[in-house]
Amino acid sequence: MRFYLRRITFYIITLWAAISLNFLLPRMMPGDPAAIMIGKLRRASGGRELSEETIKGIYALLGADKNTSLWDQYLAYWVRLLHGDLGISSTRYPYPVATLIGNALPWTLLMVGAATVISFALGIGIGAFVGWRRGTWVDQLVPATALLQSIPYFWLALVLVAIFSVRLGWLPIVGAYDPFAYPSGPQWSWAFLVSALYHALLPALTIVISSVGGWLLGMRNMMVSTMSEDYVLTAEAKGLKPSRIRDRYAARNAAIPSLAGFSIALGFVVAGSIVTEQVFSYPGIGKLMIQSVQGLDYTLMQGVFLVITLAVLAANFLMDLFYGLIDPRVRTNG
Amino acid sequence: MKRKAVVAIAAGAFALATLFSACSAPPQPSASSSSSGSAPATARTLRVWAGSTTPITVDFNPFHVDTALYGTYGELYEPLFFFNQLSADAPKPMLGESYEYSADGKTITIKLKSGVKWSDGQPLTADDVVFTMGYGPNKTKKLLSATAPDATTVVLKYSAPQFTSASQLLGSTMIVPKHIWSSITNPAKETNSKPVGSGAYIVKTTSDASYTFAANPNYRDGAPPIPEVQFLGLDSNQSGQDMLSTGQIDWTGMFVANPDAVTGNGVIATMNQQQDPTVITTCADASLGCKGAQTDPAVRQALNLAIDRSAIAEKAFAGLVGPSNPAFVLLPRDQEWLTDQSLASSPQTPQIEQAQQILEAAGYTKDAAGFYGKDGKEINLDLFSPDGWTDYNDAAKLVAESAGKAGIKITARTVSEAEYWTPVTNGDFQLAMYGLTQSIVADPFSNYDQYFNGQGAAKVGDAPTRGQNYSRYANPTVDAAIEAAAATNDAAIKKTEYAKIQAQIAKDLPYIPVVLNASQAFYNTKDFTGWPTNDNLYADPLPYLSVAPAIVLLNLKPAS
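Chains A and B, in that order, are what the protein sequence lines are.
Start counting the first sequence at 1; every next residue gets the next number (the UniProt record's numbering).
Start counting the second sequence at 1; every next residue gets the next number (the UniProt record's numbering).
Honestly, the hints are just simulated from the structure, not real lab data.
The structure presented is a predicted model; accordingly, all values stated were derived computationally and were not measured.
Idealized CB from N, CA, C, for every residue including glycine.
Do not rely on the hints blindly, as some may be mistaken.
What the hints assert, rightly or not - Partial list, computed: chain B residues near chain A (C-beta under 7 Å):
1) T54
2) P55
3) T57
4) D120
5) K189
6) T205
7) S207
8) A209
9) T212
10) L234
11) D235
12) S239
13) A400
Said to hold, decoys possible - One side of the interface only, derived from the structure: several residues of chain A facing chain B at Cβ under 7 Å:
14) P94
15) G185
16) S281
What the hints assert, rightly or not - Every beta carbon over 10 Å from chain A, so not counted as near; a handful from chain B, in silico:
17) R47
18) L86
19) G121
20) P123
21) L144
22) T147
23) S159
24) L232
25) E353
26) E483
27) A492
28) D508
29) T525
30) D527
31) W531
The task is simple: from the sequences and hints, build the whole structure.
Right, dumping it as structure tokens:
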């Protein structure tokens, strides 16, 4: 029980620090968002004079009011946060940040989440097999997948699009579903689900291809070192079936370090995959993040970072609890 | 073991090589998706990428100049007249029938078309126009009164002559229905997701990936021949190009360095109209707080002569741009207003000797390193452009390179977009790569008024008070000439005033012209006919402009 209490306290403090940092970071960035917004408006309006009222509104909205102290801004930030109000986006004015994130989150979770899980499962599975058969031809999989991982991601994605979508016409070029068949957006139907899966195929594939090598290499090496452990030797001496030794003795223990990495990867699923979403025009969180940074949209930036922070912390927390469950040593020593 | 590793790497390299060769082969037209293959029996939806990015957030508010979705201006809401920026012809009637200026230019009498209806069936009358002119951001102190003597006549009275504001008042003010907007008190907060307009299209459906317009059955000339138009959201030009070449979109406007790759299959045609000047904006006026050698006109003149425009056009802009001129007129459209033929083009090749003569005459001397300076201080200028605007970044590098050859030291650097706009607006810069917006009518007045009018020049630290005089250029001769030109409708007087302006700005060069930007449009001529051609430039076929795309849509017909 003390273990869990300690962990929970730790996470609450981390959460507070992360949220406070989230408040400070955008305010320490260079540039003045209100000036940018006013400049944009002036250019877009073809030189129409901006009314005093408009300019005042923009300053109020973007929180660049020089009369408010940082402490007051911080308090207001917490009050807003506790009310679930993440503010209004300036790049997508006048849409609330919460709505934008709410719309983007499911796509990222499903596509990037599934790709991460598939990549992990494939990497661990194949890694265990390669480690078991170390020194044979299957070891070639390690440099081969490492090569795929070392290709710049956007290049890999563009090449795959050029082949499978443009040249062969097998897979869609962009989007999370077919906008021509579903001009009104997502709907609950079997056909729509098929369309969504079909559109997720290529982006997910690019993520798997470019990330499976890391899991595979880690798992293979852990497998090799686990297999020199005494308990594996004992199991062999007892005359257990090789498949039992491989799965129950070696692979189970070898996978523990990878699980820690997986929890972090899972947390970062929420951050989406910025480049993937950009190349495939996939409506996820990663794109919101890059757009908010480019447009100096402080509120959207804060909202996205907050969601990412929460997700990473939550994933770590769950994995901590899970760890305590599968590895008793953590509970007593941690 | 070692040999096997080599085999594996070789195999991987081979796989990559095949991938690469596969993608560098020209795309086959036959591999395109089903949409372009089948000839439409009934007119199909026209698919457009005007430049929207995902997620699309619904906003059809014509007062949201920055965030309103493409199609709001023209397709949904209409101005009174259409000003074609490609021609010097008179404006074409839209909601208006005709307009007339009083002799002093302070009163405009507009005749409206009769029997026009809003898309909800209510009649559109002069009351709506009067309401619009005094509503929200349209409200100005200069407008003394707007009245409607009868249902199809509007009289606007101003405190100052409005000869030069015709394109803005009549061509870019979208008329909105009074019965809807009179109950909207804060137009800034309204997203107007169910717009009621007078244009040829109404909103059919929207999503985060696209939005679709349907023909407006109440349109004054009857429903347009293209029954539906779908606007897509895409996040990269590469996606746009891919969807264009696979026949999934029919119309777009974007930069493609190699347009033949898209038009090669005979389905897509392209048009490149060079309009907007790319310039080096200089913080020009030392008395307003600008710092650096560029505040000396001699340095700007030397720089203007030293840069290699032909190399910039070829290397940075793929040869798709047009030549700029120091009079800031758009040729041949504004030929009438070019008062000195020697100003028809900026030097295309570097004139190093002349540049150096100017510097030496102004008291600059070359130092040991080969750079010019004065009073022991080397000219050392900072030129910046937004990171990722690769054409601007490359152009800046080439400018620095050719200036260096003439002995003017310039350092080109890139900054994030956020760090770009703030100094440009506040005047805290020396040189910036910048794009000016060309006047949309065949008269360079708005160029002069927007960018060169000293009334808008603010002290460094403040944004320009009016217009976009980011250079902080203030020249009493130019200001007086702008004021005189604004107050007259007499072409001869205007020309005399423009001659003064052009002579001054070509000498002072607060904005050093570099090239005229390319603006490429791509459109499907196989399934749709009626696009503008070089012989019939009835509207600019760029889908991201306002009003012009609506005119193009009205002229399109499904190919039989």
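These are the hints, each one checked on the structure:
1. T54: holds (5 Å)
2. P55: holds (5 Å)
3. T57: Because about 5 Å separates T57 (chain B) from the closest Cβ in chain A, which is inside the 7 Å limit, the hint holds.
4. D120: For D120 (chain B), the interface hint is violated, since the closest Cβ of chain A sits about 21 Å away, which is over 7 Å.
5. K189: holds (5 Å)
6. T205: holds (4 Å)
7. S207: holds (3 Å)
8. A209: holds (4 Å)
9. T212: Holds: closest Cβ of chain A sits about 5 Å from T212 (chain B), inside 7 Å.
10. L234: holds (5 Å)
11. D235: holds (4 Å)
12. S239: Holds, about 5 Å.
13. A400: violated (23 Å)
14. P94: P94 (chain A) check passes; min Cβ-Cβ to chain B is 5 Å, inside 7 Å.
15. G185: holds (3 Å)
16. S281: holds (4 Å)
17. R47: violated (7 Å)
18. L86: For L86 (chain B), whose nearest Cβ neighbour in chain A is about 17 Å away, the distance exceeds 10 Å, so it holds.
19. G121: Non-interface label on G121 (chain B) holds, nearest chain A Cβ at 24 Å vs cutoff 10 Å.
20. P123: holds (28 Å)
21. L144: holds (16 Å)
22. T147: holds (22 Å)
23. S159: Its Cβ never comes within 10 Å of chain A, the nearest being 14 Å, so this holds.
24. L232: violated (6 Å)
25. E353: Consistent with the label, E353 (chain B) stays out of reach of chain A, its closest Cβ about 38 Å off (over 10 Å).
26. E483: holds (16 Å)
27. A492: holds (26 Å)
28. D508: holds (21 Å)
29. T525: Holds, because the least Cβ-Cβ distance between T525 (chain B) and chain A comes to about 21 Å, which exceeds 10 Å.
30. D527: holds (14 Å)
31. W531: Given that every Cβ of chain A is farther than 10 Å from that of W531 (chain B), nearest at about 22 Å, it holds.
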